[in-house]
Amino acid sequence: MKGHIRKRGNKYVIVVDLERDHNNERRQKWFSGYDTKKAAQKDMPRILNEINTGNFIEPSKESFAAYLEKWILNKRSRLKASTFQVYKTHLRIHIIPKLGNYKLEKLNRLHLKTFFSYLENDLGLAPATIKKVHTVISSALSEAVEDGIVGKNVAAGLKTARIERKEIHVWDEKQLLQFLNSSKNDPLYIAFHLAAMTGMRRSEVLGLRWKDVDFENSLLRTVVTHTPYGASDGKTKASFNRTIDLDEVTINELKKRKERVDYEKKRAGRGYKNNDLVVCTSLGTHVTPRNLNRKWYQLKEDANVPSIRFHDLRHTHATLMLLQGIPVKVVAERLGHSSITTTLDTYNHLLPSIQREAIAMFSKNLYKELY
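Mapping of the sequence shown onto UniProt numbering: position 224 corresponds to residue 224, and the numbering continues sequentially without gaps.
Among the hints, erroneous ones may be present.
Cross-link-like lysine to aspartate or glutamate pairs, in silico, EDC-like; alpha carbons within 16 Å at most [unchecked claim]: (1) K106 with E62; (2) K255 with D212; (3) K256 with D214; (4) K2 with E69; (5) K75 with D147; (6) K258 with D186; (7) K265 with D276; (8) K98 with D122; (9) K300 with D312; (10) K258 with D214; (11) K256 with D186; (12) K131 with E120; (13) K98 with E69; (14) K300 with D172; (15) K98 with E120; (16) K211 with E120; (17) K152 with E50; (18) K258 with D312; (19) K29 with E19; (20) K273 with D262; (21) K152 with E105; (22) K2 with D17; (23) K255 with D214; (24) K11 with D43; (25) K258 with D212; (26) K184 with E253; (27) K75 with E146; (28) K103 with E69; (29) K7 with E50; (30) K70 with E143; (31) K61 with D147.
Okay, the calculated beta carbon distance ranges per label pair [what the hints assert, rightly or not]: (32) L344 with D147: 36 to 44 Å; (33) A126 with L283: 50 to 58 Å; (34) K174 with L79: 37 to 45 Å; (35) H111 with G9: 19 to 27 Å; (36) A66 with V13: 24 to 32 Å; (37) A156 with P327: 36 to 44 Å; (38) R76 with E19: 39 to 47 Å.
FYI, nobody ran anything at the bench for these hints, they're computed from the structure. All figures in this text were calculated on a predicted structure; none of them were measured in a lab. The beta carbon of each residue, even a glycine, is placed where N, CA and C say it ideally should be.
With the hints as constraints, model all of the structure from the sequences given.
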């Protein structure tokens, strides 16, 4: 199989002579768009090699937008409901308006670098958001490669703005108890108590059902998360399959909550929506993350404690356990981390303090036996 270069107007093209068809008619494949003869000469060996080895992929004439719209529909069944909505939003607001008109075969790394620069410098998007946009693009192009639509994923390995690690703010024991005591009469108190005493994520707290609570064995099973788009499995396999042991106080709080829910169910009669939720409105419907946050800010202010995020209750739970000498593996299992590496990476700032306390305790106990 041979190829040669022709000049066409102000551009150069590579012409590859293919095997004749069944009618012995001559067949050729043209590759256009080269500004110089040298550029065409440089690319011709690659093209000939791909054709000869059967690795050549016919360039797609489809626009990136058209491909993305089909891709996201096919992807829906493989994504959590919340993730699907996030992907769709990034496609609609950011990706398709700026990149959708490019032909899929013409999309290159320079286009993407310019696009990500626009998101960062013109729109002022946070690095974490830009990284999520990059994930959507890379995931779509990766499947295009797998399906033989394009030859390579031009988004792979492309670096975006660096995500700065957020500083973790937590309460100490006194502040946590102050908040819990101040808030204990609120109808949504159980949500904050669970987050602080189990390390559950907000979505897990809002998705917790009574059938997940094992009063007899004092634990929670099969954590399900709640999103504005419905319930879904946990964030990771580890979080979905984990069980969380409960202390006696938390079990008692859950029993009190169950009594309140049963009373509200009886009072509402047919108007009650029985979703089996632990955290719910007086009519049994889901409490939205937004409404929970409103209550959170109000109760924090009433308790006169330092302002932290709801998610920081999870960090507070982990931090207090680690400072009390609870093994990292136990903390990782409670949080639903897939490995202790995640836990260590998140809370490594505590290690020096933990080591100091551990060696002090070790030496105290050892010398007590010696002397």
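Evaluation of the provided hints:
no. : hint                       : in the structure
1   : K106 with E62              : 10 Å, holds
2   : K255 with D212             : 14 Å, holds
3   : K256 with D214             : 15 Å, holds
4   : K2 with E69                : 39 Å, violated
5   : K75 with D147              : 14 Å, holds
6   : K258 with D186             : 14 Å, holds
7   : K265 with D276             : 11 Å, holds
8   : K98 with D122              : 13 Å, holds
9   : K300 with D312             : 13 Å, holds
10  : K258 with D214             : 13 Å, holds
11  : K256 with D186             : 12 Å, holds
12  : K131 with E120             : 11 Å, holds
13  : K98 with E69               : 15 Å, holds
14  : K300 with D172             : 14 Å, holds
15  : K98 with E120              : 14 Å, holds
16  : K211 with E120             : 45 Å, violated
17  : K152 with E50              : 13 Å, holds
18  : K258 with D312             : 26 Å, violated
19  : K29 with E19               : 11 Å, holds
20  : K273 with D262             : 12 Å, holds
21  : K152 with E105             : 10 Å, holds
22  : K2 with D17                : 6 Å, holds
23  : K255 with D214             : 11 Å, holds
24  : K11 with D43               : 14 Å, holds
25  : K258 with D212             : 13 Å, holds
26  : K184 with E253             : 9 Å, holds
27  : K75 with E146              : 14 Å, holds
28  : K103 with E69              : 14 Å, holds
29  : K7 with E50                : 23 Å, violated
30  : K70 with E143              : 12 Å, holds
31  : K61 with D147              : 15 Å, holds
32  : L344 with D147: 36 to 44 Å : 39 Å, holds
33  : A126 with L283: 50 to 58 Å : 37 Å, violated
34  : K174 with L79: 37 to 45 Å  : 43 Å, holds
35  : H111 with G9: 19 to 27 Å   : 24 Å, holds
36  : A66 with V13: 24 to 32 Å   : 26 Å, holds
37  : A156 with P327: 36 to 44 Å : 38 Å, holds
38  : R76 with E19: 39 to 47 Å   : 42 Å, holds
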